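Undergrad: Hey, can you work out the whole structure from these sequences and the hints?
Keeping their order, the protein sequence lines are chains A and B. In terms of the numbering used here, the first sequence has 49 at position 49, counting the first letter as 1, and numbering is strictly consecutive. In terms of the numbering used here, the second sequence has 429 at position 429, counting the first letter as 1, and numbering is strictly consecutive.
For the record, the hints were derived by calculation from the structure and aren't laboratory data. Just so you know, these numbers come straight off a predicted model, no measurement behind them. Errors might be hidden in some of the hints.
As the list claims (entries may be wrong) - Not the full set, but computed from the structure, chain A residues with beta-carbon under 7 Å of chain B:
hint: 1; residue: Leu46
hint: 2; residue: Leu84
hint: 3; residue: Tyr97
Unchecked claim - Covered stretches of chain A (chain B as the covering partner; in silico rule of three or more C-beta atoms under 8 Å from a C-beta of chain B):
hint: 4; stretch: 50 to 62
hint: 5; stretch: 87 to 95
hint: 6; stretch: 98 to 104
hint: 7; stretch: 138 to 150
Stated by the list, open to error - Calculated Cβ distances over 12 Å to all of chain A for the following chain B residues:
hint: 8; residue: Lys98
hint: 9; residue: Gly161
hint: 10; residue: Leu387
hint: 11; residue: Val399
hint: 12; residue: Val485
hint: 13; residue: Arg546
Virtual Cβ for every residue (Gly too), placed ideally from N, Cα, C.
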Amino acid sequence: MLRTLAKLLQVLNSETEPSQITLGLAFGMVMGFTPMLTLHNVLVLLLVLVLRVNLSAFLLGIAIFSGFAFALDPVFHSLGALVLNAEALQGLWTDLYNSAWGRLEHFYNTVVMGSLLISVALFVPVVWSGNRLVLRYRAHVPGWFKNNRVVMALKSSRFYEIYQSLSRVTPS
Amino acid sequence: MSKYIRWWGFIAFVVIFGGASASVFLLADWAVKRAVESWGTSMNGARVDLDSAQMTFNPFGFALNNLQVADARAPMQNSLQVQSIKFALDGFALLRRKFVITEMSMEGVRTNTPRSVSGAIPNPPPEPEPESGSAESSFSMPSMSMPSTSELLASEDIQSGRLAESFKDDLDKAREQWSQRFSQIPGEKRLAEYESRLTKAKPSLDGKTLQDVQEIARAIKELEQIRDDARADLEQVQSVKRAFGEDLGSWADRTKMVLASPQEDFNRLKAKYSLDAKGLANVSNGLFGPQVADWLKTGEYWYLKAKPFIPASGKPTETVERKRLKGIDVRFEDRNQVPGFLIRNIKVSVDVTAGKMVGQIRNVTNDQATLGHPMTFSFFGEEMHGLKDLEIEGTFNHVNPKATSDQVRMKARGIAIDDYKIIGGKTFPLRLRNSAVDLDARLEIKDAEQLDSEIGVAFKTASFVSVNGEKSELGQVVADALADVQQFNANARLGGTLRKYTLDLHSDLDERLRNALNRQFRARIDHALADAKAQLEQRAQEAMKRIQAKLDELKSYEQKIEERRKQFAEKLDKAESDLRAAVEKQKSEAERKSNEAKQKLKSETEEKKQEAADKAKEKAGKLFKGLK
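TA: Structure follows, in structure tokens:
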């Protein structure tokens, strides 16, 4: 975890495209929010591996959003139940239920449906706001940090050692 | 392009999923073999072995080679061996976690084949056991000798003697019990105690008011205590009396049973040795009953073994409700509803001793209610030796779980019987030779329990041979009667429940045998039965005398208990009457005291009045004197 965080900081401070970082984080959110063994997560894994998104951000995203998912499960369940029981959507769900892909996706589970809807809905906002945050970070934080006493103290810690050792590695 | 695409990532993805898929395919054969063997062994109660399993892709399914199902009752034998099983799986159903086999073929099915290693397992599940009292016990070959009266009474199950003996033993035990119990109820000593306490409780009055009142109060308290004690003892005696009354009732019932038992024994003997359709002349029961019972026992064993696989309740699949935080699976309309386990069609080829049987089984499932169709099967014989035509078809209908019906119909033509041993032994060895038989059977089990079946067998040609042996006289008569039989029909009707069935067997032979036996034995049987009846009654009378003596002895306790009850009742009455007298005395004493007090008060008032009048008079005299 410490290593992943250090990697992320190193990526933040490198010249990696902000969208690569935030896409990794957003895909991590989808996988973290929704139950792991579902069809859409295979697709997410494929996209993460094939597209040049940042893997550290992706792993960190899974860790962070899995934690949130425990607390948000009741919300996912309520939203999923609401959508799956919506009268207007019964035809769609029944078609999906009778298809092999639908069964593999396990969409008819309230938590799967609720968490997928929320993560899809948050995907673009997370990417957009993430990009802005990365840019702002790069503009202001590194300069301020350099002269900060706490940071100076941190520089003598193990965390900084890891960060330094990783900084020699080219970011993916 | 490479700015956005990470090619090594794509290759990694392919490697990960390709590797996972390859592992599944490589391990599938092993996993299926293990699953068949472990699941089969646990269900069968003996080893199930499979040589190999291979996954097939077109169609998607498996091929199983040399399946051996060991016989739990004979572990060195396979109850079933199948050379090859091939089946095609419904992939879409599998994605829905349903195991649906669309087509299955079973080649080289054989039964009762030898095994090279024992099929026994360390802790087998209990075998299904038929309940006691099944029809098996009702089959007994008529004794092929005519016993004398004494032999008859010695060899037959005579209940009257047993009943009388057991009643006598029970009366002996009862006498000991009642002797002990009677000694435990309150007796003479207790009665004497009451007498003494009642005497002491009587109040001794000396005319002194205060002491008398205290004495009466003491007597009342003491008498109340005596009354309560006497009441408790009386209740104890009365409860013993009630228990004795119940025993008396049961002894009376058993006396009636003992008295009636000689007649019942006689009726049984008469039925057995009479020359009617239910007795000795029912040769069908005697000749074929044991064999039919044996078949039924085997059939029952396999039906009970197969019962767990036949849908019993047919409960529809319930909605899976997962634990909280894992959500709930919402069920939508399933347009192609199938049960969790289904084999749509099995083509079977069975090698039997007589040749080969081919057939098919449809809709094998544990949930017919969901499928909406019953399981059906049909088989017919091919290249059969010693059998012209064989057809077996059946339906296991559990679509409506509340009204199930399992039916099997069998039709066999021209079954050749070269030499069949009907009865062994020395007294009446009988064989059936060179016979051709037609068989029509309809077996039905309703609601998984009720039997309703009929079997008709036509022996188109028949030849009974009573081979060399030391035949009894009766055996000789039966052998002679059957010697010229060339054809006959036999019918069986099966009823009752699966575990307690009744079998009624009749044939054309019954009438023939009855006539033969009548000619030879009628007078002797009647005489033997009459003699047996007389002896039974005489034995019962003797037994009853001994029983009556024991009963009389026991009845003396009734008198003793009643006497004891009266004594305690008297003591209770005495205590109550003394108590009433004491209370009356207390009341009258209290009234006397009250009257005395009133009288005293009255006289005191009178005195005071007189004194006041005298004073007033004196005062008035003084006043007049002054005025003057």
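Undergrad: Confirm or reject each hint.
TA: Now for the hints, and whether the structure bears them out:
| no. | hint | in the structure |
| --- | --- | --- |
| 1 | Leu46 | holds (5 Å) |
| 2 | Leu84 | holds (5 Å) |
| 3 | Tyr97 | holds (4 Å) |
| 4 | 50 to 62 | holds (count 3) |
| 5 | 87 to 95 | holds (count 3) |
| 6 | 98 to 104 | holds (count 4) |
| 7 | 138 to 150 | violated (count 0) |
| 8 | Lys98 | violated (10 Å) |
| 9 | Gly161 | holds (75 Å) |
| 10 | Leu387 | holds (49 Å) |
| 11 | Val399 | holds (23 Å) |
| 12 | Val485 | holds (67 Å) |
| 13 | Arg546 | holds (82 Å) |
Checked against the numbered hints given earlier, this structure breaks hints 7 and 8; the rest are met.
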